[in-house]
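Number of protein chains: 2
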Amino acid sequence: MTGIGFDLLATDGRARRGRVTTAHGTIETPAFMPVGTAATVKAMTTDAVASTGAEILLGNTYHLMLRPTAERVAQLGGLHRFMNWDKPILTDSGGFQVMSLSDLRTMSEEGVTFKSHLDGSRHHLTPERSIQIQHMLDSNITMCLDECTPFPATEAQAESSMRLSMRWARRSKDAFVERPGYGLFGIVQGSVYPEQRAESVAALTDIGFDGYAIGGLAVGEGQETMFRVLDFTEPLMVKDRPRYLMGVGRPSDLIGAVRRGVDMFDCVMPTRSGRTGQAFVRRGTINIRNARHAHDERPLDAECGCPTCRSYSRGYLHHLFKADEMLGPMLLTWHNLHYYQDVMRTMREAIADGNFEEVSSAMEARMNEGDIEATVDPIAKPGKPPKQGRPPKAGKDTAPPKVDKDSEPPKAERVEEEKTDE
Amino acid sequence: MTGIGFDLLATDGRARRGRVTTAHGTIETPAFMPVGTAATVKAMTTDAVASTGAEILLGNTYHLMLRPTAERVAQLGGLHRFMNWDKPILTDSGGFQVMSLSDLRTMSEEGVTFKSHLDGSRHHLTPERSIQIQHMLDSNITMCLDECTPFPATEAQAESSMRLSMRWARRSKDAFVERPGYGLFGIVQGSVYPEQRAESVAALTDIGFDGYAIGGLAVGEGQETMFRVLDFTEPLMVKDRPRYLMGVGRPSDLIGAVRRGVDMFDCVMPTRSGRTGQAFVRRGTINIRNARHAHDERPLDAECGCPTCRSYSRGYLHHLFKADEMLGPMLLTWHNLHYYQDVMRTMREAIADGNFEEVSSAMEARMNEGDIEATVDPIAKPGKPPKQGRPPKAGKDTAPPKVDKDSEPPKAERVEEEKTDE
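The listed protein sequences correspond, in order, to chains A and B.
If you're matching positions, the first sequence starts at 37 in my numbering and goes up one per residue.
If you're matching positions, the second sequence starts at 37 in my numbering and goes up one per residue.
Treat the hints as calculated values from the structure; they're not laboratory data.
For clarity, every value in this text was computed on a predicted model and none was experimentally measured.
By construction, the Cβ of each residue, glycine as well, lies at the ideal position given by its N, Cα and C atoms.
Treat each hint with caution, since some may be false.
[To be verified] If you want the ones that stay clear, here's a sample from chain B, every Cβ over 10 Å from chain A, calculated:
#1 D43
#2 R55
#3 H160
#4 A211
#5 G244
#6 F263
#7 D276
#8 G292
#9 R381
#10 G390
[To be verified] Part of the chain A face toward chain B, derived, beta carbon under 10 Å:
#11 T105
#12 Q111
#13 D332
#14 G364
Just chain A, same shape as in the assembly (with noise of 0.2 Å):
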């Protein structure tokens, strides 16, 4: 083998199950992607993130490059060892990061010159320079550098960016170094304008990669604009190579792409939304920060086989959350990493059995369910009268659903998200 492998077993609509071989290992598609940003998923264990099914995780070249650096990893095995994440790793090429986390950036043809959030220090990213920190992290999954396009941009703009980004990926693709079981993806651009998508889509696929990513999306042009981009994007696409959607996003984000035809995601969303009190579940999403939990005994979600929902009580994750204490961000994030990994299982399960459709439109219904309230409190605190709870009518174990109201679905802008260290 060279580059990676790409299997594609089944199709059913133009939703996919496939398989990429890389030389860490398989990947089951379609896939969710942990970020583990500075060789570390945020709040985890490596052995906790296998746990939940992950496959493999992101790393962030633009946090890597200034700290430790790729050097140090290198010194230190890669990171693969670095980080004791012996699965495939797919690392970005540190373009979008530069753009959205670090000061004084210099665009010009050559690269992107630009000062460290972290000390102000003064770097030089390049398409072959990026390549050449990702092999050093020993990545199995190297990203052309690119232009991330911003939203929204002119045609003119868009157009610009995207030749630059092209011409990129040529110089990314000459400067890679090919290796059994590590391989190269080219990133489409070309904002919401179909023939600029297509001039990009033929230009990397003239060059030729491992795979294709589609980038430029999830920038804050909303759910609607960006499933329309997916729709006129994907049938250009070779049918032979995986696609990676990038930055995106929430279960829904997940959901839809897949029907669309992707392969591949990643987002900070479950683990940056653990660690700040949000869990998604079955449905849809909690705030375990929220009064109403203090009491509950009952688990985030019941279906779940996390260990979180397995041995802890929303009472007792509320709690955690209040009290400040460590244990609360990595309970959730382990719960919300573990659910975004049985989104993916069901949605690969249902591609192999043919009833995609069927089985992706009852996650999205029961997502917009919302959660069910708990019974009242049966200590009420002292000064305040306990609200009355509504008494079981005959014939009927539970008083009607009510629908959570911390239960709003979250926006999942990789725009917004990346704006912190992550």
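Fit chain B to the known structure of chain A by using the hints.
Relative to chain A, chain B alone:
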């Protein structure tokens, strides 16, 4: 069984090998109890705590009565179920932390009134209330409310304080509800004064408890004085009940106290130090933030079997602390707790084997040796010429050991430790 059981299995000099039996299982002694202040051992899952070999945790009445309240813990099934720990739990009485953490304390014969350090709310703690709270928490080993006599104290101050504690011990015993597998420990006070310690032991023995704690130590008196107090107090204590030295300590404190007949310990040192980057290892201590660890491929302690030492280099751990990643505190806490349990295991085996002095002296000698420095950094920072490595001499594989400059032994003063929120 009423109360808790204690079997003295072996002795070696004054060192004791025993077994405590509770409604939630047995504890092999000498035992170290990790501190789970707010119903969580900070930065650890309970599965991880159990994996270190810990058989009992300590919970803090002061913290839990304020948040989430004892009533809430009881409503959510008691502390074992609340925090997902089905092994024994000991709770302190709250008295020590009322003194070290709360505001505006007023002591009287009846009890102590104080303001919460969290929200300024007013609370009243009496021996009866403390026992009731610990009952609601479902603690296997309840501690009497006492006054931890400050250090230094005049003989008159110490006597007055000790006698108050003895009257409170009587009231605590009267308030305690007996249940099979649940017990109550009295606390010996009397500062550094032999006569007062003797009076306190006699008073408590007269009342009769399931076990006897030695309080008022590790409050600034220093190791030598602490050992001296143990030397004249331990011979007075009944042999057939466990002895618990509260709030102690460093590994060398544990060894010296086991040598003097102590069976149980608790301390925040392994957890708190772990969060700040200090690791306890067989050759002393290591500050992982020190730059000398950045390139070090070795584990913290090559002889340690914990997950941190089996899978991660010092270079990686250094990176995590530099990047302020949560996984750093998680992994160092895990190692420290594992190491503490290793120290206890080693002592238990040595007492059973009748070679405690030999084994414990060897451990102490190694702790004093200090860490061996790594070889020179193979990649020097730009602008800094690499330090010349010492060429290996003929017949020697390694350079002579250098004592680690950051392995200054930490001070284990309980007052200092308890000033922050643990």
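Quick rundown of the hints versus the structure:
1. D43: Consistent with the label, D43 of chain B stays out of reach of chain A, its closest Cβ about 31 Å off (over 10 Å).
2. R55: Correct as stated: the minimum Cβ-Cβ distance to chain A is 27 Å, above 10 Å.
3. H160: Answer for H160 of chain B: holds, closest chain A Cβ roughly 14 Å.
4. A211: Given a closest Cβ separation of 22 Å, the condition holds.
5. G244: The claim holds: G244 of chain B sits with its nearest Cβ about 35 Å from chain A, beyond 10 Å.
6. F263: At about 35 Å from chain A, F263 of chain B clears the 10 Å cut-off, so the statement holds.
7. D276: holds (37 Å)
8. G292: holds (32 Å)
9. R381: holds (23 Å)
10. G390: About 39 Å separates G390 of chain B from the closest Cβ of chain A, which puts it past 10 Å; holds.
11. T105: holds (8 Å)
12. Q111: holds (5 Å)
13. D332: holds (9 Å)
14. G364: holds (8 Å)
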